[in-house]
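Protein chains in written order, with my numbering: chain A, 145 to 258; chain B, 6 to 116.
One or more hints might be untrue.
Chain A residues, not near chain B, derived (Cβ > 12 Å throughout) [claimed, not checked]:
| id | residue |
| --- | --- |
| 1 | 154 |
| 2 | 186 |
| 3 | 188 |
| 4 | 200 |
| 5 | 217 |
| 6 | 225 |
| 7 | 251 |
In silico SDA-like links for lysine to any residue, alpha-carbon gap of 20 Å or less [to be verified]:
| id | chain 1 | residue 1 | chain 2 | residue 2 |
| --- | --- | --- | --- | --- |
| 8 | B | 47 | A | 149 |
| 9 | B | 73 | B | 54 |
| 10 | B | 62 | A | 246 |
| 11 | B | 47 | A | 153 |
| 12 | B | 115 | A | 232 |
| 13 | B | 111 | A | 201 |
| 14 | A | 201 | B | 54 |
| 15 | A | 201 | B | 103 |
| 16 | B | 111 | A | 147 |
| 17 | B | 68 | A | 147 |
| 18 | B | 62 | B | 47 |
| 19 | B | 47 | A | 201 |
| 20 | B | 111 | B | 88 |
| 21 | B | 74 | B | 7 |
| 22 | B | 47 | A | 161 |
| 23 | B | 74 | A | 248 |
| 24 | B | 111 | A | 166 |
| 25 | B | 64 | A | 184 |
| 26 | A | 201 | A | 188 |
| 27 | B | 47 | A | 231 |
| 28 | B | 47 | B | 7 |
The set of hints was computed from the structure by calculation and includes no laboratory data.
Beta carbons are placed, not taken as given, at the ideal position from N, Cα and C, and that holds for glycine.
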Amino acid sequence: GAGVSQSPSNKVTEKGKDVELRCDPISGHTALYWYRQSLGQGLEFLIYFQGNSAPDKSGLPSDRFSAERTGGSVSTLTIQRTQQEDSAVYLCASSFGANQGGYTFGSGTRLTVV
Amino acid sequence: EDQVTQSPEALRLQEGESSSLNCSYTVSGLRGLFWYRQDPGKGPEFLFTLYSAGEEKEKERLKATLTKKESFLHITAPKPEDSATYLCAVQALYSNYQLIWGAGTKLIIKP
Chain A
145 GAGVSQSPSN KVTEKGKDVE LRCDPISGHT ALYWYRQSLG QGLEFLIYFQ GNSAPDKSGL
205 PSDRFSAERT GGSVSTLTIQ RTQQEDSAVY LCASSFGANQ GGYTFGSGTR LTVV
Chain B
6 EDQVTQSPEA LRLQEGESSS LNCSYTVSGL RGLFWYRQDP GKGPEFLFTL YSAGEEKEKE
66 RLKATLTKKE SFLHITAPKP EDSATYLCAV QALYSNYQLI WGAGTKLIIK P
C-alpha cells in the first residue's frame, strides 16, 4: 500500500477485556516495529519483526502483550485482560530493513481502557 | 544509561521568528540520530538522519546539525504549518534497530 495502515484508529474497551490491534505495513518492507506512545513521554519500543527471523519481544511490558506477523506482512498486537495503564497510542512502523532509522509510521491506534 | 533529552518541552513563536530546538543525548557510541515531525493524531514523519559530528541536513525551513553531545533543529522564518511536535531519536552502535526516543518539543507558530 501507499503507507502503513493501522486499525482501528480508536478503541475504547472495558478493563479486563482483550483487544487486537492491526498493522498493515508498506509492501516490501521487511522490518516492522510496534511502539507505544503515552502523553509527555518518548516512544516506548514493544516488539520488532525482521523477515522470517524470530521477533525481538524484549520491549513487551508484560505477558499480557503478544504480537504476531503473518506471511511477513500484516501484524497483530494483542493485549489480554486490559488494564487502565494500557491506555496509550499504539504505533506501528515499517522499513526496508534494520539499520534504517527512517521508519514510516502509521497513524496509530488510540486505546482507552475504562 | 542511554537517554535522549529534548528542550524546550514547548515553544511558541510568531510567524517568521527563527529559533532552535535542542536534542541532547548520551549513548555508548552513536550509530545515527533521527529527527521526526508529528502532527496531532498522526504517526511521526521522518525528517533527517545524521551520522557524525559536524554533519548538517536541510529541508525547506529546517536545518539539523549534530555535535558529539547534541543536535539542533534550526527553524528559519517559520510558518504556521510548521506547528507540530518534533521528536529526536538515537540509535546506538550496539543496536541494529532499536531507537531511543526523546519526549519531543511541541512547536506552535502563531500567524
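(request) Would you list, in rising numerical order, the hints stated earlier that this structure does not obey? (result) 1, 2, 3, 4, 7, 12, 13, 14, 16, 17, 18, 19, 22, 23, 24, 25, 28
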